[in-house]
Amino acid sequence: MTGLGGLLRFMLRRERLALPWWLLGATLLVLVQSTQSQGLYGTPEDLASLRRTIGGNTAVIAMSGPTRLLENIGGEVVFEILAYVSIVVAMMSMFLVGRHTRADEESGRAELVRSARLGRHATLAAALVLAGLANLAVGALVFAAAAGTGLPVSGSLLFGAATAAVGGVFAALTAVAVQVFENARAAYGAVALAIGAAFVLRAAGDIGNGALSWVSPIGWAQRTFPYVDNRWWPLAVPVAVAAALVVAAMALLARRDFAAGLVRPRPGRATASAALGSSLGLAWRLQRGALAGWAAGLFLLGVAYGSIGNSIEQYVADNPAVAEYLPGGAADVVDSYLAFTALTLALIVSAYGVVTALRARSEETSGRAEPLLATATSRAGWLGSHLVVAAGGAASVLAAAGLGEGLAYGLATSDAGQVPRMVGVSLGYLPAVLLVTAVAVLGLGWLPRAAAALAWVAVAYCAVIALFADSFDIPGWLRRGSPFAHTPEVPIDDWTVAPLVVIGLLAVALAAGGYAGLRRRDLGY
Amino acid sequence: MSVQNGPAIEIAGLTKTFGRAKALDGLDLSVRTGEVHGFLGPNGSGKTTTIRILLGLLRSDAGTVRMLGGDPWRDAVALHRRLAYVPGDVNLWPNISGGEVIDLLGRMRGGLDRARRDELLERFDLDPRKKARTYSKGNRQKVALIAALASDAELLLLDEPTSGLDPLMEAEFQRCVHRLKAEGRTVLLSSHILAEVEALCDRVSIIRLGRTVESGTLSQLRHLTRTSISVETARPLAGIDALAGVHDLVVDDHHARFDVDTAELDEVVRALAPLGVRSLTSTPPTLEEMFLRHYGDEAAAEAEAAVR
Ligand SMILES: Nc1ncnc2c1ncn2[C@@H]1O[C@H](COP(=O)(O)OP(=O)(O)OP(=O)(O)O)[C@@H](O)[C@H]1O
Ligand SMILES: [Mg+2]
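Protein chains in written order, with UniProt numbering: chain A, 1 to 525; chain B, 1 to 308.
Please note that the accuracy of each hint is not assured.
Unchecked claim - Short, incomplete list of chain B residues facing chain A, as computed with Cβ under 10 angstroms: (1) R52; (2) G56; (3) A78; (4) L79; (5) N91; (6) W93; (7) G98; (8) G99; (9) I102; (10) L121; (11) D127; (12) A132; (13) R133; (14) T134; (15) A147.
Because the hints were derived from the structure by calculation, they are not lab data.
The C-beta atom is built at its ideal place from N, Cα and C for all residues, glycine as well.
Could you build the full structure based on these sequences and the hints that come with them?
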């Protein structure tokens, strides 16, 4: 275990750009939720009415936590946000451990470190200490955010500790996963699956008799019932599990070869299938996994939104403040809820469009585009194939989101007509999504190094305009730049085709402009 | 567009700058159809940049470039059907197997010879089913090499194609290039492995700091350098230090060792003959020595530039 200190300092240095954002994200979630909840349900009467509404709403319980937490305002904050802070912290821990262990081993960077005089377990130990420190920081920040916004100190302390405990379990789980799998992506996939399972198991447990919540790290954290019961003993479970996982990881590490895993990767095909014969075939092959992931994720989010749709009328009647966030106000509550959630989903899909289009850029900078463009493939064909996948993918993901929302809402209201209706509403945002995607293409052509930043600024701008224009009092001229502001908000608005056509044409023009830049410039830097 | 007997590549006065750095500074290069042309130069001298310009990936700033009778930038797609390329640094898609990559690149070029592909897989001992993520550097290089060699391209642009190959594979590669030559194809081979260049190349061009410093057949280039002579004579050796072109002379009565400018070799041998030559060995300069001279020059030039 020699060299641990130096290694740890080196890791911290490499994390100095990314780690603060994770910490900030977790802190903001608690800060915003605490302020907002105390504003909405500040009085015991408000809380009582919330308990009545949510008490039997399985969808809300599934998306939040056990209703026992609704006894007081601190518990209400934990009810709403702990599951999500847990996911953030779990992912932070996963990347912290994964990046410095398996990802480094895979890239060969670890070989350099390893050849220096270091103990066999030093890298893993340092990565775990790093994750431990980061989770302590999260715990402290959650405590500060909760106590700082006026929640009781003892409960806030437990809130912070429970959050850190979840992170610790997933850091330890990642330590095992990186021993088992030979590449970082597979390890991340396995841990992400475990995070998803932790959320689903606690959802099932919280709706049912609670037993399943006890096999979920998120469930362990929630069942400390901060502010309500303030019980610390459930945290013994994550501590024991994390310790056992760390011991297992260290033992597995001692048994395997450097850069090898316990699971051998499956061999691939010896010859290419007929589909893999063009740049379009390749772009599809590279992107199909991500597309399936996004479509599934947005479908589930749609289901979550749709299943709450039915009870939203009651909910808004009980909480008039919520209506302020909805475009149609309290009138036509359900329709404005559906319109608002469809818009939110479409904003997320624009991030998919940008990620997918920017794949062309990473292909270029990694040098993988070079041998392709040395074949009889034109630059137009190469860029075009990535854009076809991006556009077709965006349409599919939008359709999946609408399908999820329509299905869930339709089932709740026994109205099959909701399915095509919501798919249509969602697809109405396709031109806007494509326009944001086209910003990435324009950047790709003319300012390749800044393309990613440019495109993400466009996404962030659209999101801020759509979600916060009213609360931030953003002037009208600044709002008009967002294509989402010009897309009719069906079902509260009526369909109007003209703006959609104009936005679509603008997207095509921007993409063509991007290509004009690409065919002029040097490739590969 | 096809010009049968003209040069495959004709570059004159090629210039390329990246920001402020001048990567190519008036480079000339002529590759004849059907020859294997060695492209040599120290690290950072501009070999890869030249090949990227030939591929139409980079745009030249000045100078003329013709390849297979066309303009590499304007006619890129049409020219690419007739050439194959092996990059110096092969990056592959981690989740796609080597066999798939070979087929993909072949199809995108416009077809590849299946029998030849399978034969090359055998020769280079490459498992086509492995995902690219699990290939070593040498195996990644093999994937790109097989894709290029299995094509029917007239012109092959090979940028350090054997960096990372083991000696057995290096020998396989040389066999393959001999076969290409026999088939009348043209090869531009950038390499740091001088034995390989010596074994394969009809002509070579040496570049330095983005400019061509030597170009010609190996024997022409040898002519520009020195030959080592070791001689024993009946009469005492006198006066040879006065001969033109003699360097690093070590004499001891009847024995002498010295280097001579190859251009002056004839004169020196004439002067030795009257002394009664008992034995004489002459060692032509190796490519290695030629190189060290050029690389050394560069180091000197750089030091000079730093002082200024
Ligand atoms: N995209 C780029 N941006 C800036 N400078 C570059 C770029 N590509 C190459 N250069 C510079 O141009 C010069 C020539 O580089 P090039 O890669 O052509 O050399 P090379 O002869 O292939 O070297 P090596 O033998 O190391 O492969 C170098 O000084 C390099 O730093
Ligand atoms: Mg190079």
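Here is how each hint holds up against the structure:
{"no.": "1", "hint": "R52", "result": "holds, 7 angstroms"}
{"no.": "2", "hint": "G56", "result": "holds, 8 angstroms"}
{"no.": "3", "hint": "A78", "result": "holds, 8 angstroms"}
{"no.": "4", "hint": "L79", "result": "holds, 9 angstroms"}
{"no.": "5", "hint": "N91", "result": "holds, 4 angstroms"}
{"no.": "6", "hint": "W93", "result": "holds, 6 angstroms"}
{"no.": "7", "hint": "G98", "result": "holds, 8 angstroms"}
{"no.": "8", "hint": "G99", "result": "holds, 4 angstroms"}
{"no.": "9", "hint": "I102", "result": "holds, 8 angstroms"}
{"no.": "10", "hint": "L121", "result": "holds, 9 angstroms"}
{"no.": "11", "hint": "D127", "result": "holds, 8 angstroms"}
{"no.": "12", "hint": "A132", "result": "holds, 9 angstroms"}
{"no.": "13", "hint": "R133", "result": "holds, 6 angstroms"}
{"no.": "14", "hint": "T134", "result": "holds, 7 angstroms"}
{"no.": "15", "hint": "A147", "result": "holds, 8 angstroms"}
Hint violations for this structure: none, all hints satisfied.
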